[in-house]
Every structure is written in C-alpha cells, then in structure tokens.
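Chemist: Sequence:
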Amino acid sequence: MTKIRNIVFVIVASCFGLLLFSFGQSVSSHGISSLRKPFNITASSNKFTSDEINKNLETFANKNNINIVKEFSVPKVGTKTRQAYYVLGKSHHFSKSQVIKSDMATRSEFLTSDLRYPLYVFGDVNQKIVSQELNRLGLSFQRSSDNWNWQVSDFLEDNYFDVFLELILLLLFLSLIVFNFKASRASNIMYLQGVSKLTIFKKRFIKDQLVFLSGYIAAYSINLIVLFSTHHWGVVWLVTYFALILYATQLIVYLIAGIIWSWSYNRATILPTIKGSAKNRLTLVIVLVVKTITEVIILASLLTLGQQLNTNQEIKGQVSTWSKLQERYSPSLSMNITSEEQDTEDKQTYKLVEWTSKHHGLISNYAGYNSAEGSGRLNFNDYSDYYNGGNVLVVNAEYLRLNHVMDGYGNKMSFNANDAVTHFLFPEKLKNQANRLTQKYVEQMGLSHMFKDGNAKVAVHLVKNNQNRLTYNPASLDMGYYASSVPDPVIIVVSPESLNGSNSDANRLWNAMMSNNAFSFTDYHKLNRKLVSLGMYKHIGGYTNIKSYASKIYQEQQSKVMQLSIILGLMIGLFVFECVLACSLYFGIYQRTHAIRTLMGQSLLKTHYRFGLVLAVLIISEWMLSLIVSHSLHLTSVYYLVDSLITFLIFYVKSKKNVMYIGASLKGDN
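Letter 662 of the sequence shown, counting from 1, is numbered 644 in the working numbering, and no numbers are missing.
Keep in mind the hints are simulated off the structure, nothing from the lab. There may be inaccurate statements among the hints.
[To be verified] Result set (DSBU-like, lysine-lysine): computed pairs, CA atoms no more than 35 Å apart in a straight line: (1) Lys72 <-> Lys19; (2) Lys(-15) <-> Lys508; (3) Lys394 <-> Lys306; (4) Lys542 <-> Lys434; (5) Lys189 <-> Lys(-15); (6) Lys434 <-> Lys422; (7) Lys306 <-> Lys19; (8) Lys340 <-> Lys394; (9) Lys(-15) <-> Lys37; (10) Lys83 <-> Lys508; (11) Lys508 <-> Lys333.
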C-alpha cells in the first residue's frame, strides 16, 4: 500500500510539472520580466515627434548608464502579432540573451512602432528621474504590471487546464481517503498506545511530502532549465509563483483528507478497527459524493465536446472553399487612439483607398456579421441596415471584377474603379423595396452630407436572385459564422469619387470598414510599405491571410477537441475507478452482514437492494438537476442511462465476486 501511495504522489508531481511547463511556455511568449514594473505609456502630448522622443530616450539611457527596453507588437501574417523588443542604451544591464534572438526588433520596426507600449528600465537609476524624463517628453504613463493571479487564471481557463487540475486533485483526494481508510487499523493501534492523532498525522505528512517534493522539485528544476535555455528567465518568478499555488492546492487537499481521517475514528472505533470489523461509512459517503461530482463534470465536458465537434464539422465543411480563394492579406487596426489621431488616421485611410483603387485592392464589408457574433447565425432576410446587421455588402469595383455578378438579363456587371456614382444592386426579389431601401441606405451612409449641394449620384440595379456572394472577410470565422459566402445580399458599390473624395464623413466610413477587415491585397510587401509611408503601420495589429486563415482556425479547433477528448477519457477512467472503489468499500464495510444473508439463501437483489437504491436515487437526482441546467434532454438522458449501466454492471460483478469470496472463506480456501 505504501508503494502505491508513493506512486500516486509521483504521478501528481509529474502532472504538476506538465502544468508548469505549459504555463512557462505560455507566459514566456510575452513579457521579459515578471518582477519589474514597466512604464506603460498611455498617451503623448505631441510636445515632441516620435523620432525626437526616441532619440531623447536613447540619450537619456546612455547618460544614466542604463538600458531602456521597449516591448511592442510587430504586425505579421497570422492570427497573432509578434512580440518584439528593442534595447536603448549602450550599457549591458539588459542582456539580449534574455529573449530569443528572433524576438529582437529591427531599428526600422522600433522607429515605426507606436509610442504607447511598455518601457522596462534596467540599471541603477532612481525611478523618479525616469518619471521626470518621461513627463518632460510629454508622455503619460502608468506604473503597473500584469496581475499574476489573473495570468494564472487565464492560463487555467484556456485549453481546459482547469479541468485537468481538478482531475489531478480529485485523484489525489480519493487516493488519500482510501489509503487513510486502509491504514486505519495501524493508526488505531498507535492511538491505543497513547500516540496522539496529531503525532500520527505529522509522521505520515512528512513522509508523503518528502516523496511528493522529491518529484515536484525535480519537475520544477527541469522547467527552470528549459526557461534558461530558451532565454526566458525573466518569467522565472511568475512560474515559481504558479508552482507555489499548485503546491498549496496539494497541501489543502491533503489537509482536508487529514481532517476527514481524524473524524473517521475515535476511542469507540478502536477495537472494531483492530478486529477488522469497522464500518467506516464516512469514507463511503465521501467516495459517493466525489463520484457524483465527477459524473457532473463529465456531463459538462461531454456537452462542451459536442459543441466543439459541431463547430469542427462546420469549419471543416468550409475550409476547402476558403482555400480556393486568391492569396489576399487583410490588415487590421489595433490601437486605441485619441480623437486628433483618429482624424489623421481617417485622412490617411482615404489615401490608402485611392492607392487601393489603382493597385487592384479589394474592399468588401459585410454588415451581417455583427448579428452573427455569439450565435453563429445570420438573418439573411434582414436588409434594414447597410452597416450593422443587415444582409448588405459594401464593395469597390474590384469586387465585381473578381466575381460574376449577373444583372436581370444575365450580363456580368462591372464599373470603373473611380466611378462617380454609388451603385445599389438589389436581388430581383427586392424589386418593390429597392427605392425605399436605397433612400434608407443613403441616409444611413450620410451620402448627402458628403456633397456641398447635398445631391449624391446614385443608381439602382436589379440582379438575379439566388446568387451567393463571397465576403472575403475572415472576421466571420472569429464570430462563429464559417461559410465564405452569403445568399442574396444587397451590394453597394462605392469609390473615392462616388463619396466625393476626401471629406470627414467619407473618410470616417473608409476607416470604419478598414477596422472591420474589409480591405485586402494580393501583395503583402507593397501593402506594408504603403502603410509605413502613410504613417499607419504603427496602428496595424496584424495581417490575416484570407486564404489560409480558415485552415488555421480548423487546426486550432481540432486541437481543442483533442485536448478535451483526452481529458474526458481520463475522467471516464476516474469515474470507473470511483465506481469500483465505492463498491469495494461497501462490500468491505458490510462483509459480515452479506455473509450471513448469503448463508440464509437471500438473493443478490435482496442482499444489496438498499445500496442499489442509494445509487439509483443519486443518479436520478443528478439527471433531473442536469435537465434543468443543460436543457439537453436527449444527450443528458442517454448519458445517465449509460452511467447507470456502467455503475450497476460494476456493482453486479463486484457482488458476484463477493459471493465467491464468502463461499471460498466458508470452505477454508481463504
């Protein structure tokens, strides 16, 4: 029994080590130091230009013999931006070996980045002097670092690590309960000899913790070696903090099991325990309670897995369609900016639109995705709003060049890239509503405000019904709608000229569409250079490859399904273990009673109906409560039916073995 007990502690320590490794890899991808409080720059008074501020910071760093490290995001093609670092100052208080070489930013990336990022100071300098310098440069800042508790919480909630931790702790708790029950005879003998409960507990506690810590410290040391070898030792203290939290949870579980152990016997239980006839019902009740909790967690995991599998199938069915699209890159805006900066960005966005019309850039903004967020469903019969929730697609002329949009006569429609007219293309089924909706869209877009005389040039066209339109917008994948096209949208074709060139209303509209990932380009490098020249590069959060983004989402979804399936499999194994354990405890506690009833010729049903009734009541109660919470009658009912079959099958097998054991004992074979 001692050997098995030690193995359980080694398993728990190893699992904690895996959690530490995953946590270390997660937090090391961002943040160079978990101890230093950075100067989080929040705003600039525009007292100096960005170049002047950067030069002054570098001069300040050299003058005070310190290093100032800027941590910022660099846009890249993919789902996330690249976290990069740039070191100011010639001193060597900060070693570049602290971060991976590929994470070091170039000079041009640093100069084109936004000012509003954290600045870490390395070296012996009064923090007030640094604050005074930042104030002199007109930079507003906050002294704060990420809350460690939130970082730990976020990590556990991602990828179902919280469920994995619960599984480990449940295994430890159950094992301790059973081990303590098995060791109750030895404990009672010691108690009878005058050894106090506290002394017995301390002796067992020290032995168990030595075994656990030997494995846990080894796992922790391996994680430290990994962090040092990958130049991420800036987060060592955060990983250490998480390691202490894990150790604390193990201690709490151990102490709870110890308290239950101390309750499980007293002077009245000493002789029965020593004789082997103790009826420790408390242990059995605890196992049944834990079994019930495990069943509920398994049901919740099954419901989640079902949702993930449905999502997986939806994405899988659309991946091929997205993959057939042209290789296009869509920039996204990420920074929160001031009203003055917004005006400037709006104007620069218009310049990007002008450049887009000359370089076959595509603009495609679908309004309906706003209604799909969270539900994954769109209302394709809603044409009420051109920008927020309606089945309306705002595009430029390039969209019609790439897609066959047929008019009522079957002819392909096309317009000039800088057409002076805003064209409204309605499916024929909306013929009677076309004029009313056109007027509504004109008002919503503020077209009349874009012209001094208030007369915007518009044209209404009818197109064939039942035409699916590509949206070219990967934002739909993040909102839960995975199809690459939508049926029968109203198409509004706009151009710089049709919106009367550069004006505040038009510029704001272009910028809003860019914020919705509506712009896409075939040449990533040309786009990047243009954004740098326009001064917009520092506000770009990243670039999404429209063609491959669905595949990435599908791979991430498959990974979630795999992780949840593994955890679910482990939990089912724990559930079976708990069933066997509950039955074993039951037969162990009431073995003498069962022997007498068996000798009297009672059937298995009469002998064990009370315990069977307890199991049935627990399962039925769980089922009824789960129906109230989950609202999934079919899956919940099937789950508890299977649960009942497994539970009573194990109970039946154990009862038959118990009869055989009693028979063998009566014959003297045992």
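Chemist: Against the earlier hints, flag every one the structure doesn't satisfy and list their numbers going up.
Modeler: Violated: hints 2, 4, 7, 9.
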